[in-house]
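Note that the protein sequences, when read in sequence, are chains A and B. When you line the first sequence up against the numbering used here, it's residues 132 to 412, in that order. When you line the second sequence up against the numbering used here, it's residues 29 to 292, in that order.
By construction, these hints were calculated from the structure, which means they are not laboratory data. The C-beta atom is built at its ideal place from N, Cα and C for all residues, glycine as well. Treat each hint with caution, since some may be false.
[Claimed, not checked] Sample of chain B residues facing chain A (criterion: CB under 10 Å; computed from the structure):
#1 P67
#2 A77
#3 D78
#4 S94
#5 E148
#6 Q157
#7 D159
#8 R162
#9 A163
#10 L164
#11 G165
#12 T166
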Amino acid sequence: MATPALPSDRRTIAPTDSSTPAIVFDNVSIAFDENVVLDGVSFHLPRGETKALFGVAGSGKSTILKLTLGLLPPDSGRIHLLGEEVTRMSEQELFELRRRVGIVFQESALFDSLTVRENVAFRLMEEGISEEEIEGRVREALRFVELEQTLDMFPSELSGGMRRRVAIARAIITQPEVILYDSPTGGLDPVTSNTIIELIVKQRDVYKTSALLVTQRLQDAFTMATHQFDPNRGQMIALPKGEHCDVPMSFLVLRDGKVIFDGDGHHLATSRDPYIREYIS
Amino acid sequence: MALELELISPIDIAKDMVRAVQEYTLLAAQSLANLFRKPLYMGDMLQQADLIGFGSLPIVVLTGLSIGALLALNSANTLQRFGGITLIGQLVSLGMVTELGPLITGLMVAGRNASGMASELGSMIVTEQIDAMRALGTDPSKKLVTPRVGATCFMLFFLTIIADLLGLAGGWAVAHLIFGLDSNQYWTSAWEILVFRDVFTGLVKPVLFGFIIATVGCHYGMTTRGGTQGVGRSTTQAVVASSVLILVVDFFVTKLIFALLGYR
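One chain only, chain A, in its complex shape (with noise of 0.2 Å):
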C-alpha cells in the first residue's frame, strides 16, 4: 500500500551520545500486591531498532512500556531512557524527558473533549507553538497518517483504527526519539493492522526511530521483520530472504515475569525452547 508523503523531520539532536542505547533494563522488579508481574528483567534497545514484546495476557508487556516512562516506579532494579535513569528522576524531571518520547496507548487514550486537531497538537501548544506552525505539522502528521479530513472532529466519532492512526500521528507530531507502542493493533481488521504497520515501518526507516512494540500479534512482528520501507515508492517492500538480518528488528519473550528470549527474528523462529514454538506455531 502506498502511504503520502513523510512529514519534514523536525528531530531535536539529543544531547546524549547516539550509540548509548536509548533504552536499557536492569534487573528490574515489580509487584502489584503479591502478584509478581516482572522479576529481574534486563534487556536493551540500541538506537533505531525496533523491539517486538511478546508473551501471554498479564506477563507485563505494557507494564514495561509505562516503567520506561516512569509512568509506574518500579520495587528494584534501575532503567535508563535515552542515557538518563528514570529510576533516579523527579516527575518534574520525568516531564521534561518524556516530551522526547512518544507513546501509543492500547485503547488510543486520546482526550475525548478534544478534537483530533487538538489531540494531535497538544505537544505543540503546550510548548508555545505559534498557531500557523501547529496548523500546518498537525496537518502534516494527520496526513502521514492519512486522516486529513477527520480535523474537526472528536475522538468519539472516529472507528478504532482512526483512534490508534490519530493516536500514532499525536506520538511521532514531535519527532521523538523514542516510540513506544502498545498493541497498536489490537482488535483491528488486517487491512487496518497492515496500514499501522506499514506506519511503524516508516517511522522505523525513515527516521531511525528505536521503538518498543508491545503486540499478541506474532504476524506484524514477523511482517516488521522482513519488510523495509521504500521512500522512492512510498511503501513497505518485502526483502529478499537473505537480506532480513539487515532489518534492525529484534523480539523479546517474557514468560512469569521473566525474560525467556532477547534475540532476532531468525533466532526466534528456530529456537528449541519448547514453550517459544508453542507459542509462535
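Got chain A sorted already, so can you dock chain B onto it with the hints?
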C-alpha cells in the same frame, strides 16, 4: 455462585485512610504551589470559571431567594408575637451574610461541581488519559487541578455575594408583601446591623469552601480505581466528603473568627 467475603484487617483500613489523607494533602498543597509556577493555564481557568460560576448561577439564584424568603417567613410569626417584626431585616441580613449564604451556596456548588470534577477526572484516569497527559510531558495537577481550584475559589466568592443579596431580596419580599413592613425600614435595619466582622466572616468562608470543593472533587477523581463503577463511587464520595468537610470547617472557622475578632 458462592459469595466470597474477604475480611480486611483494621490495620489495612487505617493505613488506607492515612494514605488517602496524605494524598489529599499533597494534592491540595501542590494545587496551591502551582499558582506560583509556570505555566499557568489561564485559558483552562477561565473555562472552568465559566462552567463552575455561570453554570451554577441558576441554582444559586433559586436557593438564595428561597432561603431568604423562608427565613423571613419562619421567623416573622415569632417576631410578631413579641412586637419585633421590624427586626426581620436584621435577622435575615445577619443569617444570610454570616452563615446561610456561604453555607448553602457551598453545599449547592459541592453537589454540582465536586461530583462533576470527580467524574470527569475519574473517567480520564480509567481511560488512561491522565497517563497520556503525563506521557506527553504535561503535569496533570497543573493542567487539571489548579485551574479548577482557582476557578472554584474565585467564583464561589461572587456566587455567595449574589446568594446573600438575593436572600435579602427574598426576605424583603416576604416582609413587605406578606407582613406589610416598610421597605425602607427593612433595608435600613438589614444594612445597619452588619459590622466588619460579619462581612469578613461571610467572605472568607466561600474561599475556603471553594478550595474544599475543588480539592476534594479532584482528589476523588484522580484516585479513581475500578472502571466505570469506580467513577460512580468517586462521584458519590466526592459530594459526601466535600459536604461534610464544608459543615465541619464552617463550624471551626466561625468559632475561630469569633475568637479572633470577638463576639457580638
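Cross-check of the supplied hints:
1. P67: Holds: closest Cβ of chain A sits about 8 Å from P67/B, inside 10 Å.
2. A77: Violated, about 17 Å.
3. D78: Nearest chain A Cβ about 14 Å off; hint violated.
4. S94: violated, 34 Å
5. E148: holds, 8 Å
6. Q157: holds, 5 Å
7. D159: holds, 5 Å
8. R162: holds, 6 Å
9. A163: Status holds, d = 5 Å.
10. L164: holds, 5 Å
11. G165: G165/B check passes; min Cβ-Cβ to chain A is 4 Å, inside 10 Å.
12. T166: Given a least distance of 5 Å, the restraint on T166/B holds.
Consistency with the previously given hints fails for numbers 2, 3 and 4, ordered from lowest to highest.
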